[in-house]
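Peer 1: Residue-level listing of the chains:
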Amino acid sequence: KNEVEQSPQNLTAQEGEFITINCSYSVGISALHWLQQHPGGGIVSLFMLSSGKKKHGRLIATINIQEKHSSLHITASHPRDSAVYICAVNGGSQGNLIFGKGTKLSVKP
Amino acid sequence: NAGVTQTPKFQVLKTGQSMTLQCAQDMNHNSMYWYRQDPGMGLRLIYYSASEGTTDKGEVPNGYNVSRLNKREFSLRLESAAPSQTSVYFCASKIGVNYGYTFGSGTRLTVV
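Protein chains in written order, with the numbering used here: chain Z, 3 to 111; chain S, 25 to 136.
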């Protein structure tokens with residue numbers, strides 16, 4: 003079993019829809035990261051969370067430490083949100099990141 | 025612009041050839057990392073450097089060596105490339121333990 007599981011693996015939405023991507027982890031962590039990877043490959047850090055909730059524009063990230071679960075929400079989705087969203091946790095034995103496999107989001111106009 | 029710069033962006037090697045992937049950051053970050061990304065898998069840590077002068081193995085270090093040349097630069101060397109090293113390589117850095125990461129734009133390496 004992977005230490006970081008994301009669902010769904012693929013997600014297609016219509017422009018304007020509310021989107022939720024889930025991340026569950028099985029290790030103790032100090033922080034959880036949400037990353038975005040656009041076609042063409044660059045990776046951008048969206049959020050780093052250790053508790054509660056953070057919001058940036060149309061993006062909201064939440065974490066429940068007791069349940070070892072985090073969600074990334076996108077409100078009023080837009081085609082430019084199409085990307086792979088990656089969950090990663092600070093939980094490796096060397097203090098490094100452990101990555102989920104990513105969720106590929108496609109938002110249709 | 026400030027950030028993490030990786031070179032080259034693309035490279036094709038023949039089996040057995042050697043090459044060095046370069047990474048430089050201008051944010052005065054202490055920690056630097058090399059990851060590889062393969063289809064259907066999450067990014068995996070190859071090597072990292074917690075601070076200038078130190079390097080440590082990650083999850084998949086075999087076939088690679090690294091050098092933390094100074095605080096800015098962290099290079100990854102393939103001494104004898106193998107087809108299994110075909111991958112996209114990302115360099116990342118962060119200033120300290122409880123801070124977020126900044127990633128480079130990646131190097132797409134193909135070994136034939």
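For the record, the hints were derived by calculation from the structure and aren't laboratory data.
Ideal Cβ placement from N, Cα and C applies to all residues, glycine included.
Please note: incorrect hints may appear among the correct ones.
Claimed, not checked - Partner residues aside, some chain S positions facing chain Z, computed with beta carbon under 10 Å:
hint : residue
1    : 64
2    : 88
3    : 103
Unchecked claim - Here are the computed lysine to any residue pairs in the SDA-like style, where the Cα-Cα straight-line distance is at most 20 Å:
hint : chain 1 : residue 1 : chain 2 : residue 2
4    : S       : 33        : Z       : 92
5    : S       : 118       : Z       : 92
6    : Z       : 103       : S       : 61
7    : S       : 33        : Z       : 38
8    : Z       : 103       : S       : 54
9    : Z       : 55        : S       : 61
Peer 1: Please go over all the hints and tell whether each is borne out by the structure.
Peer 2: Hint check results:
{"no.": "1", "hint": "64", "in the structure": "7 Å, holds"}
{"no.": "2", "hint": "88", "in the structure": "15 Å, violated"}
{"no.": "3", "hint": "103", "in the structure": "23 Å, violated"}
{"no.": "4", "hint": "S:33 x Z:92", "in the structure": "27 Å, violated"}
{"no.": "5", "hint": "S:118 x Z:92", "in the structure": "13 Å, holds"}
{"no.": "6", "hint": "Z:103 x S:61", "in the structure": "10 Å, holds"}
{"no.": "7", "hint": "S:33 x Z:38", "in the structure": "19 Å, holds"}
{"no.": "8", "hint": "Z:103 x S:54", "in the structure": "27 Å, violated"}
{"no.": "9", "hint": "Z:55 x S:61", "in the structure": "29 Å, violated"}
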